Amino acid sequence: MLESRVRSALFIDFDNVSSFFRQNRLAGRIGNILHWLEDGGFDRAGKKRRFEVKRVYWHRRYEDEAPAFELHNFVTQTCNYTAGNKQGQSAVDLFLAMDAIDAAYRRPRLREVIILASDSDYLPTIQRLKEKGLATGIVFSKRDASAIYQGEADFIIEDTALQQAAAYVRKRGFLSLASGEEKAPPPAAAETHDLKRVAAEFADFVAAAGGNAVGYANAVKRLRKVKGFLSAGPKAWFGFKDYEALVQELARLDPRLEVIRYDHGGFAVRSPRPAAAKSSKPPPKSSDPAPDAGPALAP
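Remember, my numbering sits 1 above the position in the sequence shown when you count from 1.
In silico DSBU-like links for lysine-lysine, alpha-carbon gap of 30 Å or less:
#1 K228 to K197
#2 K55 to K87
#3 K133 to K49
#4 K131 to K55
#5 K226 to K197
#6 K55 to K228
#7 K133 to K55
#8 K226 to K242
#9 K55 to K172
#10 K87 to K242
#11 K236 to K55
#12 K49 to K172
#13 K172 to K48
#14 K197 to K236
#15 K242 to K197
#16 K242 to K222
#17 K133 to K48
Just so you know, these hints were derived from the structure itself, not from any lab. Please read all numbers here as calculations on a predicted model, not as lab measurements.
Please construct the entire structure, taking both the sequences and the accompanying hints into account.
Dropping the structure here:
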């Protein structure tokens, strides 16, 4: 019965296990892996789970994987440091650890936390969760230092088993899938995008930042609201080469957009400043806001 399922939370450090999902082409089989975890494929007792929390974290270079996870109701989060010596680097372990501990304290009925990662940095998190009385599970790989978790975590998920889970088929009587590969959703009908309209809406969003720079993460979150927008595949970035090429085109179409470049090589977009609108000044100094330091998305 559903009531007998273990109330669990699933956190995925995609940066850490991306090799499983990319090299082995598992991203299209998230549902298979999720069903394997829910059905206790890693648990000798065979207890089934109900994931009350499903979150995946990554560096912004992996954002194109979002649709595959969102299809299965995962909350996806891009985690990058936005200032200091680590600017632009991944901050996944920090965000994941905080959210796992937060879930332990905010969800009193939670009984278990599973972290799909083999990074030894999560040992303090596992220990803190166990102090709270929660069972814990984590990935073990012979290729790294994850052996440290043996004797610490309640469940060890072998990385080889995680790969095999891509072919897992949940039996559903006569409705069972014929193969382990999830059926892909039907392709969307071809659309002709009005880039002038996209540029105008994007310029409105940037203007709401009050002159502050809007970096990649916030910009892409806004663009994802445009029907048909993709950040991967042959139709990504509305047919332009990459994010930068798209932003350059949007700035060309709407004068309310200005692409600015930083000394360290990054760039961002903002509304033109009055003093700079008609003059050619050198690139902004490093004291200007960092590329990803833009404000939260406008509603």
